[in-house]
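K.L.:
Chain by chain, the residues run as shown.
There are 2 protein chains.
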Amino acid sequence: MLTIAVDCMGGDYAPREIVKGCVLAARELGYRILLVGDEEQIKRVLKEEKALNEPLLEVVHAPETVAMNEPPSVVLKRKDSSLFVAAKLVREGKAEGLVSAGNTGAVLAVGKFVVGAENEVERPAIGVALPNPKGKTVLIDVGANVDCKPKHLVQFAVMGHTYAESLLGIKNPRVGILSIGEEEGKGNELVKETYPLLKQTKLNFLGNAEGRDIYSGNFDVIVCDGFVGNVILKASESLGMAVLHMIKEEIKKSWLARLGALLMMPALNNFRRKADFTEYGGIPLLGAKKPVIITHGRANAKAIKNAVRVAGEFLHTNFNDTLVKNLKELIPQEARV
Amino acid sequence: MLTIAVDCMGGDYAPREIVKGCVLAARELGYRILLVGDEEQIKRVLKEEKALNEPLLEVVHAPETVAMNEPPSVVLKRKDSSLFVAAKLVREGKAEGLVSAGNTGAVLAVGKFVVGAENEVERPAIGVALPNPKGKTVLIDVGANVDCKPKHLVQFAVMGHTYAESLLGIKNPRVGILSIGEEEGKGNELVKETYPLLKQTKLNFLGNAEGRDIYSGNFDVIVCDGFVGNVILKASESLGMAVLHMIKEEIKKSWLARLGALLMMPALNNFRRKADFTEYGGIPLLGAKKPVIITHGRANAKAIKNAVRVAGEFLHTNFNDTLVKNLKELIPQEARV
Numbered sequence: 035m036l037t038i039a040v041d042c043m044g045g046d047y048a049p050r051e052i053v054k055g056c057v058l059a060a061r062e063l064g065y066r067i068l069l070v071g072d073e074e075q076i077k078r079v080l081k082e083e084k085a086l087n088e089p090l091l092e093v094v095h096a097p098e099t100v101a102m103n104e105p106p107s108v109v110l111k112r113k114d115s116s117l118f119v120a121a122k123l124v125r126e127g128k129a130e131g132l133v134s135a136g137n138t139g140a141v142l143a144v145g146k147f148v149v150g151a152e153n154e155v156e157r158p159a160i161g162v163a164l165p166n167p168k169g170k171t172v173l174i175d176v177g178a179n180v181d182c183k184p185k186h187l188v189q190f191a192v193m194g195h196t197y198a199e200s201l202l203g204i205k206n207p208r209v210g211i212l213s214i215g216e217e218e219g220k221g222n223e224l225v226k227e228t229y230p231l232l233k234q235t236k237l238n239f240l241g242n243a244e245g246r247d248i249y250s251g252n253f254d255v256i257v258c259d260g261f262v263g264n265v266i267l268k269a270s271e272s273l274g275m276a277v278l279h280m281i282k283e284e285i286k287k288s289w290l291a292r293l294g295a296l297l298m299m300p301a302l303n304n305f306r307r308k309a310d311f312t313e314y315g316g317i318p319l320l321g322a323k324k325p326v327i328i329t330h331g332r333a334n335a336k337a338i339k340n341a342v343r344v345a346g347e348f349l350h351t352n353f354n355d356t357l358v359k360n361l362k363e364l365i366p367q368e369a370r371v
Numbered sequence: 035m036l037t038i039a040v041d042c043m044g045g046d047y048a049p050r051e052i053v054k055g056c057v058l059a060a061r062e063l064g065y066r067i068l069l070v071g072d073e074e075q076i077k078r079v080l081k082e083e084k085a086l087n088e089p090l091l092e093v094v095h096a097p098e099t100v101a102m103n104e105p106p107s108v109v110l111k112r113k114d115s116s117l118f119v120a121a122k123l124v125r126e127g128k129a130e131g132l133v134s135a136g137n138t139g140a141v142l143a144v145g146k147f148v149v150g151a152e153n154e155v156e157r158p159a160i161g162v163a164l165p166n167p168k169g170k171t172v173l174i175d176v177g178a179n180v181d182c183k184p185k186h187l188v189q190f191a192v193m194g195h196t197y198a199e200s201l202l203g204i205k206n207p208r209v210g211i212l213s214i215g216e217e218e219g220k221g222n223e224l225v226k227e228t229y230p231l232l233k234q235t236k237l238n239f240l241g242n243a244e245g246r247d248i249y250s251g252n253f254d255v256i257v258c259d260g261f262v263g264n265v266i267l268k269a270s271e272s273l274g275m276a277v278l279h280m281i282k283e284e285i286k287k288s289w290l291a292r293l294g295a296l297l298m299m300p301a302l303n304n305f306r307r308k309a310d311f312t313e314y315g316g317i318p319l320l321g322a323k324k325p326v327i328i329t330h331g332r333a334n335a336k337a338i339k340n341a342v343r344v345a346g347e348f349l350h351t352n353f354n355d356t357l358v359k360n361l362k363e364l365i366p367q368e369a370r371v
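Protein chains in written order, with our numbering: chain A, 35 to 371; chain B, 35 to 371.
The set of hints was computed from the structure by calculation and includes no laboratory data.
In this text, all values refer to a predicted model and were calculated from it rather than measured experimentally.
One thing to keep in mind: the hints can contain errors.
Where chains are identical, the list cannot tell them apart; a pair therefore holds if satisfied intra-copy or between any two copies.
No more than 20 Å apart at the CA atoms, straight line, and that leaves these computed lysine to any residue pairs for SDA-like [stated by the list, open to error]:
#1 K146 x V358
#2 K282 x M102
#3 K168 x K286
#4 K168 x M275
#5 K282 x P167
#6 K226 x P106
#7 K170 x G274
#8 K122 x L86
#9 K122 x N222
#10 K220 x A101
#11 K111 x E82
#12 K146 x D355
#13 K282 x L293
#14 K286 x P300
#15 K146 x K220
#16 K168 x L278
#17 K220 x T356
#18 K236 x R292
#19 K287 x N304
Work out the full structure: start from the sequences and follow the hints.
P.N.:
Here's what the structure looks like:
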């Protein structure tokens, strides 16, 4: 039976929604969950949910927390915080995966330094599967590594390839490097140095992807440094919200439009489900020794349950074994500079 | 009377839509337009539009073109191309501004090397006013400069400030630098080096902006290098199209939703007008000696007319004089490293 440690004190709706998510995960997925955080607060929610005696749930007390706005590095000194304790449970083998809706930078920090990276992985990276009309595209890295070297991007490409193949079921994923302009030789220094290395790998490397390809469905994996990936991810999310807000404002002005919106609601909700990446249960830090799943700060119970499910999928598919094998086999010696 | 040179052979709908746009510009704005390109083709459209004898329109023959997929640098060798000839008309003072829907890189090339930059400007940059629920945010640079130094970003900030103040009417624009994380010290090397310089300027510098701020309305100007800005701009556009496509697919599945969409159409069209940057008439290359306006490749007649209008606004507001003054006054000597 899989055991997942969940940081119950991180996220905008902690601990209530997180604890409720753990209850869902235990009941619906049958995983054993270690609920890490303030015991009293956690038990209060468990009681409300009539889950105090749920055999798959176990509370691990951690008196401190890391706030959303604190510098991420504090978590490494705050060894009694729910996030650090949860990560330590994974490192010590008491849990096989970690889920947190907390301070993203802090989750990254414990992922890298407490759970730790696979030996073959130079830098763990965050891959996110973004929706497009034809399916999904993995954008990697979206924030774990700010200044990258070409060899890191080559590893990210293999991580993204493995994610697309093992978790999303995409055969021989089409890999691109994010750039401006399609032709080889276009882009910034990092792209120009990485391109020839990617050509030497055994990946299905199609060359440069442009910004528009992130949502075009023409690539299955797009590689970029974590600075670029992070601003794109956050800009995309905020564009979505801005569009929704602006459309709502227009709709308010006319009762016909309000009626129309009402009739369209089921269709819009279907779309939202497809587009909303919290539905898929958070974003994995690829390359960590055990699954570390970062959910949105606004994660609700369902998102937490889905994040636990994703952690389970990484374990069931032996993702890390495949990743290590791919890193060895797909990158030839000459592309490891 | 203002004279604007329009490259009639660039863009997906050239020459028809471009020529029609020139006719609209002459008739509605009262500007003199030099229509540059294949004389025969241009006159055929003018005839269809009953504008052959329109006194404000003048055809300047240029036998060659630069295709959308050609390397931008070819334009500098192809001196008989419509784009090069149009730029030369500006350089020689026969026109006061340039509009093109053609190969963006090629327009940039003639903007930089034929029209040329103001002496005080190290590198012209592209600024785009993106819509948000509260108004507009100028993102600069979105593709003219791939690898930038801190001093370039400082100049971009002043260009964006001047654009926001002079063209968008925003008083004391709030300026940010695009980064990951809000606090000073967060970001990549370029951001970390640029931040202290921006603090020394007399701009209303608020610090780091995150990806989500591009559409949040919390900043009036956001500075980034042209690589990052370009991928964000293209990703945003493609996200918009992907969302539209995915919503349409959902709507097709239900007649109630189809009816709803019909009722909402006027509201959606209002939104689209606000969101569609072609409505505003293309994107300026800031810092060039004369206005160089790049429109979308898919620009239609209305977009071309609007681009001519924008070129006129730059001239009417003496944008370049203000920009040069601001570059001198807002950047202290110690921030010019």
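K.L.:
Could you figure out if K170 and G274 sit no more than 20 Å apart (CA to CA) within one copy, between two copies, both or neither?
P.N.:
Cα proximity of K170 and G274: in one copy and across copies (17 Å, 16 Å).
K.L.:
Are the CA atoms of K226 and P106 at most 20 Å apart within a copy, between copies, both, or neither?
P.N.:
between (32 Å within a copy, 17 Å between copies)
K.L.:
Checking K168 and K286: alpha-carbon separation at most 20 Å within a copy, between copies, both or neither?
P.N.:
between (32 Å within a copy, 16 Å between copies)
K.L.:
First find the shortest C-alpha distance between K220 and T356 inside one copy, then the shortest across copies, and answer within, between, both or neither for a cut-off of 20 Å.
P.N.:
Neither: 32 Å inside a copy, 34 Å across copies.
K.L.:
Using 20 Å as the alpha carbon limit, work out where K122 and L86 are close: within a copy, between copies, both or neither.
P.N.:
neither (24 Å within a copy, 79 Å between copies)
K.L.:
Given a CA cutoff of 20 Å, do K282 and P167 count as a within-copy pair, a between-copy pair, both, or neither?
P.N.:
Only across copies: K282 and P167 sit 10 Å apart there, 23 Å inside one copy, limit 20 Å.
K.L.:
Tell me, please, which holds for K287 and N304 at an alpha-carbon limit of 20 Å: within, between, both or neither?
P.N.:
Classified as between; 11 Å across copies, 25 Å inside a copy.
K.L.:
Is it within, between, both or neither when you check K286 against P300 at 20 Å Cα-Cα?
P.N.:
both (19 Å within a copy, 12 Å between copies)
K.L.:
Indicate which option fits the pair K122, N222 if close means a Cα-Cα distance not exceeding 20 Å: within, between, both or neither.
P.N.:
Close neither inside one copy (39 Å) nor across copies (29 Å); limit 20 Å.
K.L.:
Indicate which option fits the pair K168, L278 if close means a Cα-Cα distance not exceeding 20 Å: within, between, both or neither.
P.N.:
Close across copies (13 Å), not inside one copy (22 Å); limit 20 Å.
K.L.:
Have a look at K236 and R292 and pick one of within, between, both or neither, based on CA distance no larger than 20 Å.
P.N.:
neither (53 Å within a copy, 46 Å between copies)
K.L.:
How would you label the pair K220, A101 (within, between, both, or neither) given a Cα cut-off of 20 Å?
P.N.:
between (41 Å within a copy, 17 Å between copies)
When each numbered hint is compared with the structure, violations occur for hints 2, 8, 9, 11, 17 and 18.
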